[in-house]
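Enquirer: Sequence:
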Amino acid sequence: MSRGPLPSQICLLADLSVKSPGDKVRFLGCVTAYTVATATLVLCHSFPSGTDTAAHVDVKLVLESLTGEQVRIGEWVNIIGYITSKVLKDASQYAHQPTSSRNEVSVQALLLWSAGPMQVQRYEELLSSNKNYAA
90 MSRGPLPSQI CLLADLSVKS PGDKVRFLGC VTAYTVATAT LVLCHSFPSG TDTAAHVDVK
150 LVLESLTGEQ VRIGEWVNII GYITSKVLKD ASQYAHQPTS SRNEVSVQAL LLWSAGPMQV
210 QRYEELLSSN KNYAA
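With the sequence shown counted from 1, adding 89 to any position gets you the working numbering.
Be careful, since some hints might not be right.
[Said to hold, decoys possible] Taking lysine to any residue pairs in the SDA-like style, the calculated list, with each CA pair at most 25 Å apart, reads:
1. K175 - R92
2. K175 - G205
3. K175 - E213
4. K175 - S195
Honestly, the hints are just simulated from the structure, not real lab data.
This one's a predicted model, so the numbers in the text were calculated from it and none came from an experiment.
All chains, please: the whole structure from these sequences, using the hints.
Expert: Right, here's the structure in full:
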(Lines of atoms letter the chains of each structure in order from A and count residues from 1; the text may use other names and numbers.)
(Lines give C-alpha, C1' and ligand atoms only; values in the text may rest on other atoms or scores of the structure.)
Protein backbone atom coordinates (compact mmCIF):
# COMPACT_ATOMS: atom_id res chain seq x y z
CA MET A 1 0.00 0.00 0.00
CA SER A 2 1.34 3.41 -0.98
CA ARG A 3 1.63 6.10 1.68
CA GLY A 4 2.07 8.98 -0.74
CA PRO A 5 3.63 9.89 -4.04
CA LEU A 6 6.64 8.01 -5.30
CA PRO A 7 10.00 9.72 -4.78
CA SER A 8 11.72 11.40 -7.69
CA GLN A 9 14.81 9.83 -9.25
CA ILE A 10 17.75 12.24 -9.19
CA CYS A 11 19.68 12.12 -12.45
CA LEU A 12 21.83 14.09 -14.82
CA LEU A 13 19.97 15.97 -17.52
CA ALA A 14 21.66 13.76 -20.15
CA ASP A 15 20.10 10.69 -18.49
CA LEU A 16 16.56 12.00 -19.02
CA SER A 17 16.65 10.52 -22.53
CA VAL A 18 16.67 6.98 -21.08
CA LYS A 19 13.74 7.62 -18.75
CA SER A 20 10.19 6.69 -19.72
CA PRO A 21 7.16 8.97 -19.95
CA GLY A 22 5.57 9.07 -16.51
CA ASP A 23 8.86 8.74 -14.61
CA LYS A 24 9.26 11.28 -11.81
CA VAL A 25 12.71 12.89 -11.97
CA ARG A 26 14.85 15.50 -10.28
CA PHE A 27 17.62 17.19 -12.24
CA LEU A 28 19.71 20.33 -12.61
CA GLY A 29 19.96 22.36 -15.81
CA CYS A 30 21.09 25.69 -17.18
CA VAL A 31 18.41 27.91 -18.72
CA THR A 32 19.10 28.43 -22.43
CA ALA A 33 15.68 29.76 -23.46
CA TYR A 34 12.28 30.70 -22.07
CA THR A 35 9.14 31.03 -24.17
CA VAL A 36 6.54 33.15 -22.39
CA ALA A 37 3.67 32.18 -24.72
CA THR A 38 3.98 28.48 -23.89
CA ALA A 39 5.54 28.82 -20.40
CA THR A 40 8.38 26.54 -21.49
CA LEU A 41 11.96 26.62 -20.24
CA VAL A 42 14.71 24.96 -22.26
CA LEU A 43 17.45 23.57 -20.02
CA CYS A 44 20.79 22.10 -21.05
CA HIS A 45 23.80 20.63 -19.26
CA SER A 46 26.62 19.35 -21.47
CA PHE A 47 27.75 16.59 -19.17
CA PRO A 48 29.06 14.00 -19.74
CA SER A 49 31.11 15.37 -22.60
CA GLY A 50 29.61 14.64 -26.01
CA THR A 51 25.99 14.52 -24.84
CA ASP A 52 23.42 16.79 -26.42
CA THR A 53 20.17 16.63 -24.51
CA ALA A 54 17.73 19.48 -24.02
CA ALA A 55 14.92 19.42 -21.48
CA HIS A 56 11.81 21.34 -22.52
CA VAL A 57 10.19 22.06 -19.17
CA ASP A 58 6.52 23.06 -19.00
CA VAL A 59 6.33 25.44 -16.02
CA LYS A 60 2.60 26.24 -16.15
CA LEU A 61 1.98 24.53 -12.79
CA VAL A 62 4.62 26.68 -11.05
CA LEU A 63 3.99 30.02 -12.80
CA GLU A 64 2.71 31.75 -9.67
CA SER A 65 5.98 31.15 -7.83
CA LEU A 66 8.32 31.62 -10.81
CA THR A 67 10.70 34.59 -10.62
CA GLY A 68 12.51 36.51 -13.33
CA GLU A 69 15.79 35.19 -12.00
CA GLN A 70 14.68 31.58 -12.51
CA VAL A 71 13.99 32.09 -16.23
CA ARG A 72 17.10 34.17 -16.93
CA ILE A 73 19.47 32.74 -19.55
CA GLY A 74 22.45 31.16 -17.80
CA GLU A 75 20.62 30.54 -14.51
CA TRP A 76 21.01 27.05 -13.00
CA VAL A 77 17.74 25.61 -11.70
CA ASN A 78 16.59 22.39 -10.05
CA ILE A 79 13.48 20.68 -11.38
CA ILE A 80 11.26 17.95 -9.98
CA GLY A 81 8.70 16.76 -12.47
CA TYR A 82 7.38 14.05 -14.75
CA ILE A 83 8.76 12.99 -18.13
CA THR A 84 5.98 13.63 -20.65
CA SER A 85 7.70 12.69 -23.93
CA LYS A 86 11.03 12.09 -25.66
CA VAL A 87 12.14 12.98 -29.20
CA LEU A 88 15.36 12.17 -31.01
CA LYS A 89 15.76 14.92 -33.58
CA ASP A 90 17.90 15.09 -36.69
CA ALA A 91 20.73 17.42 -35.75
CA SER A 92 21.13 18.75 -39.28
CA GLN A 93 18.94 21.63 -38.12
CA TYR A 94 21.58 22.50 -35.50
CA ALA A 95 24.44 24.27 -37.27
CA HIS A 96 26.83 23.74 -34.36
CA GLN A 97 26.51 19.91 -34.53
CA PRO A 98 25.83 18.82 -38.11
CA THR A 99 26.73 15.12 -37.71
CA SER A 100 25.03 14.09 -34.47
CA SER A 101 21.53 13.81 -33.05
CA ARG A 102 19.97 15.85 -30.30
CA ASN A 103 17.77 14.26 -27.68
CA GLU A 104 14.87 16.40 -26.52
CA VAL A 105 12.84 15.46 -23.49
CA SER A 106 9.65 17.14 -22.32
CA VAL A 107 9.07 17.49 -18.58
CA GLN A 108 6.07 18.77 -16.61
CA ALA A 109 7.55 20.69 -13.67
CA LEU A 110 6.04 20.17 -10.23
CA LEU A 111 8.74 22.14 -8.40
CA LEU A 112 11.40 24.54 -9.63
CA TRP A 113 13.98 26.39 -7.58
CA SER A 114 17.21 28.25 -8.22
CA ALA A 115 20.38 26.27 -7.62
CA GLY A 116 22.12 29.32 -6.18
CA PRO A 117 25.88 29.25 -5.78
CA MET A 118 27.05 25.71 -6.31
CA GLN A 119 29.93 23.63 -7.57
CA VAL A 120 28.57 22.11 -10.78
CA GLN A 121 31.64 19.89 -11.17
CA ARG A 122 31.07 18.37 -7.71
CA TYR A 123 27.40 17.73 -8.56
CA GLU A 124 28.47 15.96 -11.77
CA GLU A 125 30.97 13.80 -9.88
CA LEU A 126 28.45 12.79 -7.23
CA LEU A 127 25.74 11.82 -9.69
CA SER A 128 28.15 10.04 -12.02
CA SER A 129 29.34 7.85 -9.15
CA ASN A 130 25.84 6.98 -7.91
CA LYS A 131 23.13 6.90 -10.59
CA ASN A 132 20.65 4.90 -8.50
CA TYR A 133 20.04 7.53 -5.83
CA ALA A 134 16.38 8.40 -5.16
CA ALA A 135 15.57 11.91 -3.93
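Enquirer: Among all the numbered hints in the text so far, which are the ones the structure does not match?
Expert: 1 and 2
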